[in-house]
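S.K.: Chain residues, written in single-letter form:
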Amino acid sequence: MIRIFLSLIIFVVTAFPSFAEVKIQEVTSPNGIKAWLVSEPSIPIIAFDIAFRGGASLDSDDKSGATYLMAATLEEGTGDMDAAAFLRASESLAARFGFSASRDSVSITAEVLKSNATEALDLLKQAITKPAFNEVAVDRVKMQILSSLASDETDPDAIAAKAMRELSFPNHPYARAKEGTIETVQSLTPDDVNVAHQNAMALDRIFIGVVGDVTADELGPMLDTLLGDLPATGAPMPTKTPFGATGGTTVVEFETPQAQALWAQAGLDRHDPDFFAAYVMNRILGGGGFTSRLTEEVREKRGLTYGVYSFIASGDFGDYIGGSVASANGRIKEALDVIRAEWVRMADGGVTADELDAAKTYLTGAYPLRFDGNSQIAGILAGMQSQELPIEYINTRNDQVNAVTIEDVSRVAKRLLKPDELRFVVVGKPEGVSSTD
Amino acid sequence: MNIRRLFVAMTMLIIPSVAIADNENVSTFTLDNGMQAVVIEDHRAPVVTHMVWYKVGAADEAPGKSGIAHFLEHLLFKGTDKMAAGEFSQIVAANGGSENAFTNQDYTGYFQRIAADRLPLMMELEADRMQGLKLTEAEVLPERDVIIEERNSRTESNPGALFSEHRTALMFDNHPYGIPVIGWMHEIAQLSREDALEFYKTYYAPNNAILIVAGDVEPDHVKELAQKYYGPLTPSTAIPERIRPIEPPHRAAVRTIFEDPRVRQPYVIRNYAATNRKAGDQKEAAALTMFVELFGGSGVTSFMGQRMQLDKKVSINQAAFYEGVSYDPHSLGIYAVPAPGVGLTALEAELDATIDAFLQEGVDVDHLARLKTQIAASEIYALDDQSGLARRYGEALTAGLTIADVQGWADALQAVTPDDIMNAARNVLNNKASVTGWLVADKESAK
Numbered sequence: 000m001i002r003i004f005l006s007l008i009i010f011v012v013t014a015f016p017s018f019a020e021v022k023i024q025e026v027t028s029p030n031g032i033k034a035w036l037v038s039e040p041s042i043p044i045i046a047f048d049i050a051f052r053g054g055a056s057l058d059s060d061d062k063s064g065a066t067y068l069m070a071a072t073l074e075e076g077t078g079d080m081d082a083a084a085f086l087r088a089s090e091s092l093a094a095r096f097g098f099s100a101s102r103d104s105v106s107i108t109a110e111v112l113k114s115n116a117t118e119a120l121d122l123l124k125q126a127i128t129k130p131a132f133n134e135v136a137v138d139r140v141k142m143q144i145l146s147s148l149a150s151d152e153t154d155p156d157a158i159a160a161k162a163m164r165e166l167s168f169p170n171h172p173y174a175r176a177k178e179g180t181i182e183t184v185q186s187l188t189p190d191d192v193n194v195a196h197q198n199a200m201a202l203d204r205i206f207i208g209v210v211g212d213v214t215a216d217e218l219g220p221m222l223d224t225l226l227g228d229l230p231a232t233g234a235p236m237p238t239k240t241p242f243g244a245t246g247g248t249t250v251v252e253f254e255t256p257q258a259q260a261l262w263a264q265a266g267l268d269r270h271d272p273d274f275f276a277a278y279v280m281n282r283i284l285g286g287g288g289f290t291s292r293l294t295e296e297v298r299e300k301r302g303l304t305y306g307v308y309s310f311i312a313s314g315d316f317g318d319y320i321g322g323s324v325a326s327a328n329g330r331i332k333e334a335l336d337v338i339r340a341e342w343v344r345m346a347d348g349g350v351t352a353d354e355l356d357a358a359k360t361y362l363t364g365a366y367p368l369r370f371d372g373n374s375q376i377a378g379i380l381a382g383m384q385s386q387e388l389p390i391e392y393i394n395t396r397n398d399q400v401n402a403v404t405i406e407d408v409s410r411v412a413k414r415l416l417k418p419d420e421l422r423f424v425v426v427g428k429p430e431g432v433s434s435t436d
Numbered sequence: 000m001n002i003r004r005l006f007v008a009m010t011m012l013i014i015p016s017v018a019i020a021d022n023e024n025v026s027t028f029t030l031d032n033g034m035q036a037v038v039i040e041d042h043r044a045p046v047v048t049h050m051v052w053y054k055v056g057a058a059d060e061a062p063g064k065s066g067i068a069h070f071l072e073h074l075l076f077k078g079t080d081k082m083a084a085g086e087f088s089q090i091v092a093a094n095g096g097s098e099n100a101f102t103n104q105d106y107t108g109y110f111q112r113i114a115a116d117r118l119p120l121m122m123e124l125e126a127d128r129m130q131g132l133k134l135t136e137a138e139v140l141p142e143r144d145v146i147i148e149e150r151n152s153r154t155e156s157n158p159g160a161l162f163s164e165h166r167t168a169l170m171f172d173n174h175p176y177g178i179p180v181i182g183w184m185h186e187i188a189q190l191s192r193e194d195a196l197e198f199y200k201t202y203y204a205p206n207n208a209i210l211i212v213a214g215d216v217e218p219d220h221v222k223e224l225a226q227k228y229y230g231p232l233t234p235s236t237a238i239p240e241r242i243r244p245i246e247p248p249h250r251a252a253v254r255t256i257f258e259d260p261r262v263r264q265p266y267v268i269r270n271y272a273a274t275n276r277k278a279g280d281q282k283e284a285a286a287l288t289m290f291v292e293l294f295g296g297s298g299v300t301s302f303m304g305q306r307m308q309l310d311k312k313v314s315i316n317q318a319a320f321y322e323g324v325s326y327d328p329h330s331l332g333i334y335a336v337p338a339p340g341v342g343l344t345a346l347e348a349e350l351d352a353t354i355d356a357f358l359q360e361g362v363d364v365d366h367l368a369r370l371k372t373q374i375a376a377s378e379i380y381a382l383d384d385q386s387g388l389a390r391r392y393g394e395a396l397t398a399g400l401t402i403a404d405v406q407g408w409a410d411a412l413q414a415v416t417p418d419d420i421m422n423a424a425r426n427v428l429n430n431k432a433s434v435t436g437w438l439v440a441d442k443e444s445a446k
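Keeping their order, the protein sequence lines are chains Y and E. Each residue of the first sequence is one higher than the one before, starting from 0 at the first, in numbering that gives the first Met the number 0. Each residue of the second sequence is one higher than the one before, starting from 0 at the first, in numbering that gives the first Met the number 0.
Source of the hints: derived by calculation from the structure; they are not laboratory data. One or more of the hints may lead you astray.
[As the list claims (entries may be wrong)] Derived CB-CB ranges, DEER-like:
id, chain 1, residue 1, chain 2, residue 2, range
1, E, K442, Y, N133, 34 to 42 Å
2, E, T236, Y, A402, 30 to 38 Å
3, Y, E182, E, L358, 42 to 50 Å
4, E, A168, Y, E387, 26 to 34 Å
5, E, R153, Y, S101, 20 to 28 Å
[To be verified] Each computed DSS-like pair below joins lysine-lysine, with the alpha-carbon atoms no more than 27 Å apart:
id, chain 1, residue 1, chain 2, residue 2
6, E, K311, Y, K124
7, E, K200, E, K311
8, E, K371, Y, K113
9, Y, K33, Y, K124
10, E, K312, Y, K129
As the structure is a prediction and not an experimental result, all values here were calculated from the model. Note that the Cβ used here is the ideal one computed from N, Cα and C, for glycine as well.
Given the sequences, and given the hints that come with them, work out the whole structure.
M.R.: Structure below.
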């Protein structure tokens, strides 16, 4: 009976339906602020995604965490309003704002009703351009961040991530947590937060995606009102750094029943000509879902873990290829041995034609599923711009996936995957695993 | 800044979920074999969410077999008469779909998101595994190890999760909601292939399942497809009536202190026994929903935030939470995380004082008006979330609610008066039916 289903699969290798046309317009405001817009009038809402490149990587070592604190304090009061007044105003307008910082960017998201978009954006403008950053508010947010940083000290995931960051990107902002350290956050002042605001939120590093019930003509003036008061330039960007860890194993002793492991090695730039081949290769190796080699070997066949993944992390200021797994202390060694063997198998042997076809049909078919709502699409538009992808990328992306050949995957696997250069970090009491240096 | 880290599992949305405004987009039918279906149209993109929800969850497990509902959910990805183990997922992936499954106290669900023209194939696959599952020991035993590792990851590695499990057990003297969905470790370790198949044969049948299809589909076409693929399945005449052991009255406040050396951020949390949304009668649950929003739903503008975090400065984070969708009554909760230097004794005293103050001062009508504005708006925002709408129907229908209840929920919330809120609050804030817990690294340092 399996044949019935096989006959059904065969036709899918042919074309997928082209997904709803995502028609992107580039809008330039009267004052020269650029945004990508998808006009989608069927629901009377508008979603904004505004990204400022740089993010927590702009912090100096002694002010580490300043940008993260700044982003978290944007909603805690403005020139005219304290934190509660600001939140009450946004509640009255039923506007939904989000403020966050990652290592590569500061991100502001907004979903507003068409019916009161002007008032909602006026309110958001005050948070973006006139945040108060008064001492009471800064201290309140600092306490929340410090609480979270304290909890990280006993969280196996966070312990492993810290060790891996420091090994992978020594003497670079990527070595630090975006939240900073307990010591640096304690020392941050409202002045530091103001400086972080000036450093991070400037017009020379802004990427904007807008989706919803708004036209290009309406959007231009909105952008000028919302963002026009920001400074033209911000702080210099950090330089991109090479991957710094050597091959080996680092064990961090920690009392826990289950060991948490990460691994990493040098990666590749988002604009490397081999990026799509590497991306397809990773899907087959360990890229999520139930069908990767790592999931098959570590989880399905041996029951060693609930989740095992590999990934390609290509950041603005550094790249790596890595993965994660968690297994009981007595079983983690077997899991790591299998993972290492899979790294070797892929580097030496590449993939089969069936694996490649399955990966391509998955990746090309799943791509439209990401366009799942106005705010998701706005995020994709801002992300495309910050990655310097062309405006027609959405329409060509699946062609680039389909163009990857079996030879491309073999070549890129051989070029990139270096089993001897893998650095493992294991947090727990792993049996049979010890530090190599 | 809204910190949610500690409480992700229990925190409800800032804005309560409500039914969509445009009910014309939602239609329903029932197949001759008893399988109920809901179709939610969203034609913005040629994508579909296909879900099958079973009206069985962890609270329906036999004593001593905790975790079997969740274990079976994992095993549904093994083979059937027609399919080899793992083939289901390979086919979904090869068709560009994403998929997953989930288990809770009251339901077990399976879903795929995929190009809309692949809906027939998804139905064929899902119908096949509703009654055709085949399991071998060689598949079952490694999967049991996977679940042991899942419990390690979710629970054993996380003192907050262990604490939550312990408090939940204390909340229920008799009802199985006190047993964790994933199961107790010692019982998971004993679950067998036979246990899984028995549970499967008892509960997996079209007349115990709900089909939900959301996306770029026409209801008539979905009905034709459902008749073709799910229609031939045989209904069961032996599905046990869903009667769980009922809680006796609670007569004394329960307190617990949970010590774990990994704890870096202590907190205090209390749950009160609370009613749930009932078919045709959602008034009390609506009032409780509005109460938790006013009292502790929105950070610094909530009554708790204003008093505890801003004025008294005893907490860095605090909230109230209530999930009214459950088959049997569950609970309403409040928690507070102390500011540096504040002990849990003082914090809990202030928590009690804050409750007293709310009961004294009553409802801030401006705040209530803002909340109702947000609820009205959330009906519009909800149209932008196809999967969220599908989940809303699945959760409600497996909790014994009807489509009319889902669609009437927004109106039920809008109709709540300040008197309703105060009556519901006085009713639920009964210390004799409460469990108060402290999570601490060690008892002495946290006082």
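S.K.: Each hint: holds or not?
M.R.: Evaluated hints:
{"no.": "1", "hint": "E:K442 / Y:N133: 34 to 42 Å", "verdict": "holds, 37 Å"}
{"no.": "2", "hint": "E:T236 / Y:A402: 30 to 38 Å", "verdict": "violated, 56 Å"}
{"no.": "3", "hint": "Y:E182 / E:L358: 42 to 50 Å", "verdict": "holds, 43 Å"}
{"no.": "4", "hint": "E:A168 / Y:E387: 26 to 34 Å", "verdict": "violated, 53 Å"}
{"no.": "5", "hint": "E:R153 / Y:S101: 20 to 28 Å", "verdict": "holds, 25 Å"}
{"no.": "6", "hint": "E:K311 / Y:K124", "verdict": "violated, 30 Å"}
{"no.": "7", "hint": "E:K200 / E:K311", "verdict": "violated, 57 Å"}
{"no.": "8", "hint": "E:K371 / Y:K113", "verdict": "holds, 18 Å"}
{"no.": "9", "hint": "Y:K33 / Y:K124", "verdict": "holds, 17 Å"}
{"no.": "10", "hint": "E:K312 / Y:K129", "verdict": "holds, 25 Å"}
Consistency with the previously given hints fails for numbers 2, 4, 6, 7, ordered from lowest to highest.
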